[in-house]
Amino acid sequence: MDTKLKKWKLIVSCTVFFFGVSLLLTGGAALISQLIPAGWFGDGIRGIVEEDYQNTGDFRNYIESRLADFIAMATGGERGTWFDGHYYFGGYSEDAFSETLMQGIAEEAADAVGTDSSDFLQEQYGRSGDGGEKTKEQREAEAKAYHETIRGDKNLYYRIICDGRELYSNMEGITWDKSSGNLPEGYNFLLTFDGEKVCITKDGEEQDIYGDGYYRGSPQWYVPGYRNFMTDEDMKKVQITMLAAGEPVYYSSVRYGKGGYVSTESRLYRIAEWVTYRRGILGQSVACLLAGAVFAAAGFFFRRERKEAAVKIGQFTGKIWFEGKLLVIIFLAAGLSGAMRSSYFSELQEAYASAGDGSWLGAAEMWAEAVFSPSGFLYNFSDVVAENPAGLIIFFWLTCLLVNDICKNRGHFFDGPLRRAVRMARTAELKQPFAVQTVRRFVCMAIVSIVFVLAALLLAFLAFEGITNTMETILAFFFSLTVFLGIYYRCISGARRQAEEIDLLAGQIAAVRSGDCLEKECLPEDSSLRQLSEDLAEIRQGMQTAVGEQIKSERMKVELVANVSHDIRTPLTSIISYVQFLKQEEGLPEHVMDYIRILDEKSQRLNSMVQDVFAVSKAASGQLPVEMEELDFGKLLRQTLADMEEQIRQSTVTVKAQIPEHAVLIFADGGRMYRVFQNLIQNALKYSLEGSRVFVTLKEEGGSALAGVKNTSRQELYAVGEFTDRFVRGDESRTDGGSGLGLSIAKSFTEACGGTFAIETNADLFMVTVGFRIREQR
Amino acid sequence: MKQEHILVVDDDREIVKAIAILLEQEGYQVLKAYDGMQALDLLASNPVRLVLIDVMMPKLDGLSAVMKIRERQNIPIIVLSAKSEETDKVLGLSMGADDYVAKPYNPRELAARVKSHLRRYTSLGDINASPAAGELRNGRLVYRTQERVLYADGEPVRLTATETKIIELLMRNPGRIFPAEEIYRRVWEEEAFAPENTVMVHIRRIREKIELNPKEPEYLKVVWGIGYKIEKMEIDR
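Protein sequences appear in the order of chains L and Y. All residue numbers for the first sequence refer to our numbering, where the first residue is 1 and numbers rise by one. All residue numbers for the second sequence refer to our numbering, where the first residue is 1 and numbers rise by one.
Rather than coming from a laboratory, the hints here were simulated on the basis of the structure. Treat the hints with caution; some may be incorrect.
As the list claims (entries may be wrong) - Partial list, computed: chain L residues near chain Y (C-beta under 8 Å):
| # | residue |
| --- | --- |
| 1 | 569 |
| 2 | 580 |
| 3 | 607 |
We put the beta carbon where it would ideally sit given N, CA and C, even for glycine.
Chain L on its own, in the form it takes in the complex (with noise of 0.2 Å):
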């Protein structure tokens, strides 16, 4: 019952609201076309509640131009045109407009009836076509012809008197008691012109004309006997009478010259006519906009359930395809254009008749001004509205719809058929491997270029036999340039996101060669390199854990033997210190004295060893502190050989220096690099054949400084990996002096320090070589 009841006021709330917006727009239409054409403001909106035709403006100007061709027609100068019926142009004398407008019917008449357009005129109107200086003779024939023309018209009486005399009327058997005020019966308006002054009487009321006595333009008459528009000689002698029917039938009357014919009507009926018909459409839209209004507060009571109706419509329409919301779209804008066609298309002619030298370019401007001025384009819709109102109606609700929809289904708007093909597409696109995609991108693109330059060609023949014209061949045209366009769009867009993949995928590995494990950043779930990029990640994680493991198992070890040398070290601080006050003892037999030596040695060395572990169990892991500078490579070497002249000059070895005088500069820690010189040149004189010589050089080779240790090995060499390997020495038996690791210092304090450290054996020759690069002497 409940729900039942919801429904139909949903419903009832909807088609309130229809009605009421539908009623509103009808009758505010239809309003503003009718106030639009007749001027927002001026004579507008009086005009179309005005009841009297009388007291329009159009009337008045019928009135005022009459009075001024009468008065002409009296007194014989140029008068205005003559039109009676559609046409009329106040003023005394003829502007150039009105000119060419009557040259341009003339020539229309004329061509109908097969005459000279000049003759025409001639003997319709007793005027030359050429307007030329016309004889006294020559106006007289013209207002006797106009006279002829209008004489009929019975909505207006007139009698026009020059001199006493009376020249023209049409007031045959008419009389009624002027000093009465009583005018004939159906005849309300009475104007008189006696030559100075105007006095209108109008339902036996005398109307005030002149006011102050000064012409400040309309709504004032514009007749003579203002101050400042005053009678001259000729009209003084003129006396006009005019008699206006309250009420006025329709009156036609044709001429006929040689074949052709004039038609004129009563200007006075359609006055009245016009103003009868303003108030049915006023009666009508403000009937209509009453209606609405009640409508529109009803549906102000059902707000609430209206909107619920707008979702629940939005929820409908949501389901349509956006191929059928595309078809409304194309009939909304078609029906508009369409509308606006056919009322624009009578203006161009319209322009293209005005233009005048026929030129389509010079009519197309001046219809673009017509119709795109804002005024233009009101008065146009106006027209259209007036004409189909129903129209406007249909166009306004789909509008609606459509807008509803849109900002209902906000996300899936465009919805239909062919977007989930397109979807399907892209994601069967997905599965396949990257090479598949690109090779089919390719060969897509051309089968496409190969269906386009063919569907061309097809139009080219089509449109050349002359089976298609051209408008359709153009159509054609733009519609598979859009396709074709439309795929190649799609095609390139593909194939720079995967290139954009790749340079993205490429910055990743080049982040992962570089060691930096850290960034963990994915391509897109829709990207095509998105598997490689994950296994890449995936890559790094594993790296990361590796190295991380890596720096903590060696810390450890450092820690160890830090740890471990501290231990070792107390110990051996006695055994040192204990082994000297042996060293003191006098009085001892010569063995204990020799066991005393040697314990003292090993102590020593063992002291050696430990800081020597130490030393490059730091260095291996990287945490040796380096104190970097420039030095000379050169005086490095020669301040250690000198420091090392007593140890050289002790042993059996010769050491021959070859470093050059000038100075060799490179970047490193002096203190660690003596060290290094030091054990190999220790090294040299401790494994070098007896009497044989040792060579310390220096070199410099591109960009490189190259020192050289090179010495003759007292015992055979063997393989040249081990070297470095800690604790291994010349002989096997490690009896002698030193920890094994001297070349292993050697090794990993020049790598600390940035160097190269190689060694090489040829035969008996045992070579060590340390690089640094050269830096620019400054």
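With chain L held as given, fit chain Y onto it using these hints.
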């Protein structure tokens, strides 16, 4: 001669005994302690001239003990440690110790250091006074320019004429590095040809005379690959 009391602190009794023997041979009176607390107690009740203290000890570790001693006394403190790393040394000195000796120590060097500190503390108590005119001071070295004599710990060092010239050059510019060529030119006053060996020999000889441990010199240093210098010491405590 009045015997001077030296306090030796280490949790290793054998090491304390060894140091005691070493120092007693040199003629000092030795007080023994085996942890930091004991050391502080002994210091409170005895006139101690110098403290030798180990870092790693139970109850109160060496560095904390040094800080506590420094709160009350200004006597020289030498820290002994099995840790030989540079950072440990810096830490020890910043805690207020005057010197740092790594284990295993060289007995001769240890004795020399003790002697040096005692001499400076007792006989040259006015070490903080501003240097007299014509006196170049740097740590335990003093060079008197008028006499042209170098004093180490207040004792004149016997140097040859060349060695004196070198020392004068370096003492006048402590911290500045002199290349061998420059030293040669300014001392021998002639252009050098392969001066490295000559200069190095003299440097080594001077070291033997002035350094407590010539193998690990504190003052006269080789700056490898550049030249030679005398280390500029911080203002002595």
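### Query
When the hints from earlier in the document are held up against this structure, which numbers fail?
When the structure is compared with the hints, none of them turns out to be violated.
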